[in-house]
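Counting in the UniProt record's numbering, the sequence shown runs from 1 upward without gaps.
The hints are simulated quantities; they were obtained by calculation from the structure and are not laboratory data.
The following label-pair restraints were derived from C-beta to C-beta distances:
1) Thr261 <-> Ala68: 30 to 36 Å
2) Ser72 <-> Gly239: 38 to 44 Å
3) Thr146 <-> Glu52: 37 to 43 Å
4) Ser172 <-> Val11: 23 to 29 Å
5) Gly295 <-> Glu245: 27 to 33 Å
6) Ile48 <-> Asp325: 42 to 48 Å
7) Asp333 <-> Arg224: 41 to 47 Å
8) Asp207 <-> Glu52: 51 to 57 Å
9) Glu307 <-> Met105: 53 to 59 Å
10) Arg107 <-> Val11: 30 to 36 Å
11) Asp228 <-> Ala285: 24 to 30 Å
For every residue, glycine included, the Cβ atom is placed at its ideal position computed from N, Cα and C.
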Amino acid sequence: MRVAVVSMDTVTTRDAPAVRRTRRVATGLDARGHDVHWLCAQWWGGEIRQFEQDDIAYHAVTERPAAARFRSKLPFALRRVDPDIVHAVSVPPGHATTAKTTAAMLRVPVVLDWWERDPDRGSDRRYRKAATRADRVVAPSETVRTAVREHGASGVNVRVIPESIDIDLVRSADADDRFDVVWGRDLDGDANVGEFLLALAELRDRDWRAAVVGDGPARDDAERMAADLRIDDRVRFLGDLDAAEFVPVLKGSHVFAQTATYEPFATGLLWALACGCVGIVEYQAGSSAHELVEGLDRGRLVTSPQELADEIVACGDLPQWETNDGFAGFGHDEVLSEWVDWYEDAIDDHGWF
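Taking the hints into account, I'd like the entire structure generated from these sequences.
Encoded structure:
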């Protein structure tokens, strides 16, 4: 299958969860023998317009990220690639709409990967147009699927395909037992890590050790808050960890707390649950994290720091696990198969051409 990925951004120009997801899918498709072409803004040096890395062909539609110019040049790049299917990201939304117009002339379907709606990079009208014109839409969670349908996408054309993790790493890694409770996510404006710290402060008289994994602009405030609450001697801020460093911490811990106010998919929580942690999620309207723990024996939903503290204590009665095979279906290979199935479904529907 010849796949054209339409994403002006790459992890070099915009390292964000949605872009990392696109790269993971593209890399997995290539590993399965598919021919992957990423149409993007140029991120490499020199005059060449096409650059290959890890067997993925990157095509420079523009010399730098520039939404309007990228959109004007995209049809020519798509025609040159001549794909069997187009995988377009939802941000900026105008690129997905342009990709659909060109794909219709090429008689190939467009699968729209909708991670989020970023209002700073497109109007509501453009997001609605992208959602309704795509042949198929992928959302990472039911929460996001609902948002896409609210933008006009047909329910039958939207499929939830979650994030994926390295199950082999989960099974093979050793456990780092320095911590009892872990919180992990980018420390940005949506992190809401203060709720976690307040919960820990309620447990000052108990014996525990906690880790905060992640980095970002909210880290300094979080460290100051931990000091103000007089728990900084028992909370370690570990910064960003790659998967090989993160998994041992999770396997040695008992509880993972999720408090973020915005989360299209709670990837850190997924890693933790697969590593046997008890997942405690503070419900937030803008987060899909609750979906991973609803109905789960080793999952809890709370609505306040006090409830979070209470559940940390209550979950101490649950046995310590280092893996949870109930999450094996979130492995990279298993989730990639869902992508391929959805591509093939879209292509089959275009068979009448």
